[in-house]
Amino acid sequence: MNTFQRSLPPRPFESKGSTHAYRPHPGLHPDPAGVGPNPLEPEGSEEERLAKNPVLAKVKSAFAGEILSCRDFRGDLTVSVKRDKIVALCTFLRDDPALLFDLFVDLCGVHYPERSGAEFEVVFHLYSVKLHHRIRVKVPLDARDAEVDSCHEVWKGVNWYEREAYDLVGIRFRNHPNLRRLLTHEEFVGHALRKDYPYWKRHKLSKPYPVIRDK
Amino acid sequence: MENVKPYRINIGPSHNATHHLMRVEADIVGETIEYCECEIGYVHRCFEKMAEQMGWNQVITLTDRLNYCSAPLNNIGYCLAVEKLIGLEVPPRAVYLRTLFSELARIFDHLLCVGASLVDLGALTNFWYTFREREQIYDLFEEVCGSRLTTTLTRVGGLFRDVKPGYEKRVREKTKRLAEAVDDVDNLITKNRIAIDRMRGVGPISADDAKSYGFTGPCLRAAGVPYDVRKAAPYLLYGQLDFKVPLGKHGDCFDRYLVRMEEIRQSIHIVEQLLEGIPPGPVNVDNRYLTLPLKSEVHGNIEALMNHFKLVMEGVRVPVGEVYGYTEAGNGELGFYLVSDGGKQPYRIKVRPPCFAVWQAFPQMVKGHMIADVVAIMAGMNIIAGELDR
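If you read the protein sequences in the order shown, they are chains A and S.
For the first sequence, the positions run 3 to 217 when our numbering is used.
For the second sequence, the positions run 1390 to 1779 when our numbering is used.
Keep in mind that a hint or two might mislead.
[Said to hold, decoys possible] Using C-beta positions, here's what the derived DEER-type ranges look like:
hint: 1; chain 1: S; residue 1: Gly1731; chain 2: A; residue 2: Asp144; range: 24 to 30 Å
hint: 2; chain 1: A; residue 1: Ala90; chain 2: S; residue 2: Arg1397; range: 36 to 42 Å
hint: 3; chain 1: A; residue 1: Asp144; chain 2: S; residue 2: Pro1669; range: 54 to 60 Å
hint: 4; chain 1: A; residue 1: Ala64; chain 2: S; residue 2: Ile1760; range: 44 to 50 Å
hint: 5; chain 1: A; residue 1: Ser208; chain 2: S; residue 2: Asn1399; range: 15 to 21 Å
hint: 6; chain 1: A; residue 1: Lys209; chain 2: S; residue 2: Gln1753; range: 25 to 31 Å
hint: 7; chain 1: A; residue 1: Gly192; chain 2: S; residue 2: Ala1761; range: 37 to 43 Å
hint: 8; chain 1: S; residue 1: Asp1528; chain 2: A; residue 2: Leu207; range: 39 to 45 Å
hint: 9; chain 1: A; residue 1: Arg73; chain 2: S; residue 2: Thr1514; range: 51 to 57 Å
[Stated by the list, open to error] For lysine-lysine, the following DSS-like pairs were computed, each having C-alpha atoms within a straight-line distance of at most 30 Å:
hint: 10; chain 1: S; residue 1: Lys1553; chain 2: S; residue 2: Lys1565
hint: 11; chain 1: A; residue 1: Lys84; chain 2: S; residue 2: Lys1438
hint: 12; chain 1: S; residue 1: Lys1558; chain 2: S; residue 2: Lys1684
hint: 13; chain 1: S; residue 1: Lys1633; chain 2: A; residue 2: Lys132
hint: 14; chain 1: S; residue 1: Lys1756; chain 2: A; residue 2: Lys158
hint: 15; chain 1: A; residue 1: Lys54; chain 2: A; residue 2: Lys132
hint: 16; chain 1: S; residue 1: Lys1638; chain 2: A; residue 2: Lys158
hint: 17; chain 1: S; residue 1: Lys1438; chain 2: A; residue 2: Lys158
hint: 18; chain 1: A; residue 1: Lys197; chain 2: S; residue 2: Lys1438
hint: 19; chain 1: S; residue 1: Lys1394; chain 2: A; residue 2: Lys209
hint: 20; chain 1: A; residue 1: Lys158; chain 2: S; residue 2: Lys1620
hint: 21; chain 1: A; residue 1: Lys54; chain 2: S; residue 2: Lys1620
hint: 22; chain 1: S; residue 1: Lys1563; chain 2: S; residue 2: Lys1580
hint: 23; chain 1: S; residue 1: Lys1620; chain 2: A; residue 2: Lys60
hint: 24; chain 1: S; residue 1: Lys1438; chain 2: A; residue 2: Lys203
hint: 25; chain 1: A; residue 1: Lys209; chain 2: S; residue 2: Lys1580
hint: 26; chain 1: S; residue 1: Lys1684; chain 2: A; residue 2: Lys132
hint: 27; chain 1: A; residue 1: Lys84; chain 2: A; residue 2: Lys158
[To be verified] Facing chain S, from chain A, some residues (calculated, C-beta under 8 Å):
hint: 28; residue: Arg76
hint: 29; residue: Asp104
hint: 30; residue: Leu181
These aren't lab readings, by the way, just hints derived from the structure by calculation.
Glycine residues also receive a C-beta, built at the ideal position from the N, C-alpha and C atoms.
Could you build the full structure based on these sequences and the hints that come with them?
Structure (structure tokens):
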């Protein structure tokens, strides 16, 4: 039934009696935290899908002890890797003829303050134009040492994305050519997308913004 | 010329040629650009932080302000991502209408880019041709959702509202005139010696560089890489529609212009196919956890009133999880990386704006060109600061 149907004008105060319209839909679980049956989900259970995923098999064979976890939620393959292996993994993903992740899609930082020891995550999204597959690579980081090697030499586009992750989440990238704030002003204090940064906070910014070039 | 010290000039942030707020600092020798650096962030308002303070449905209003030249595409991309996270299929009529709105929005995004970039090259007439038709399409959106620029067209689980009777007929009339306008611009520009001289070979990028930078959309296809989300991972109705993806060869300004022109024609073709059979039926899922009940029910029935109240005060809740939903927006792949903790608000939203990657390659593309070419390249890339800075 259409919510905003205009062909008939709404007739207020006309009771329809008990109506069938308020049954919970079978597509969404009434418990918001529960994952309902999903018509868009690929076939098979998560374990089955992971077991027959060729990309994951390839990655696992090359980085046997370095993969922390892998998931397949709604058809998105996610691989978590130890932080000292990220550049090696990215280079492998780009160059291996069976993977060929040549299109760099996205990089971002996420803050999970409740996860002790893995408060930050750097998330890569990659795509292969030739082989039509996608992967999400995650690097969990400890808040006490939120630093990871920069991947700017693997894909050219990574440079600004890492600057953005540094600017908004406060993750530092080792060997980055110009690790400065990108979107916010130089005088900005703190990192806006951290969960402990209040959204109403204001800054007084006085200086003009110099352009400093990549090393 | 070898002993000449480079002279540093500043273009922007508020400059006619940038169209939006971006800053370029360039070292020039004579009139040739030796090196340049870009600075962004002038319209940064931290979309992602704002989204974390709002309900899932309220964020749709914010997505209008990303690429404000084609707001419906952002709305649809965001809602598809949220529906992927919920695991929800919308009714067939909503799928049809969303596809139709996507293509209309793509047409006016490309018309804006073509018209505005030609103005920057001095061809003002085309601007009137393209913008006259663009206004006509804006009328079609105004009829549906009441606003022209920031449409907020979709909702999680469907659309804001259904179209009025006779909508197909009005779309058909306007797309007919649209094809004529595209032909007018085509006749004026595509074989025009001055335009070709200004655009051919200007700002080229190789296919490998484009992929490495993360180019998507017309800029990537102009470099000869066959990647279009509508073909690579068909969403909505694109798997069943007949259309071609135009490819360029050199990755220069002229190829970008040609790709956009052909995409407008293909989009008109898609719209014509869609108008053949829009199915009747509802445009929202019948799910009381997601869509508001009918007003007549709300006014006459306590359960519906409570339902309405709960949905307005608490909003939609989506399951725990994380997805990356991506669609083909006007400038390329628009991705939403959504993390949900099962609460009323998104835990984290990361937008992957197509412009960000494209603008990053600007210093490389502009190197060795003249200052006048900066304007041509900048306009041909169709950088929208709203989604560049978020």
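Hint numbers contradicted by this structure: 25, 26 and 30
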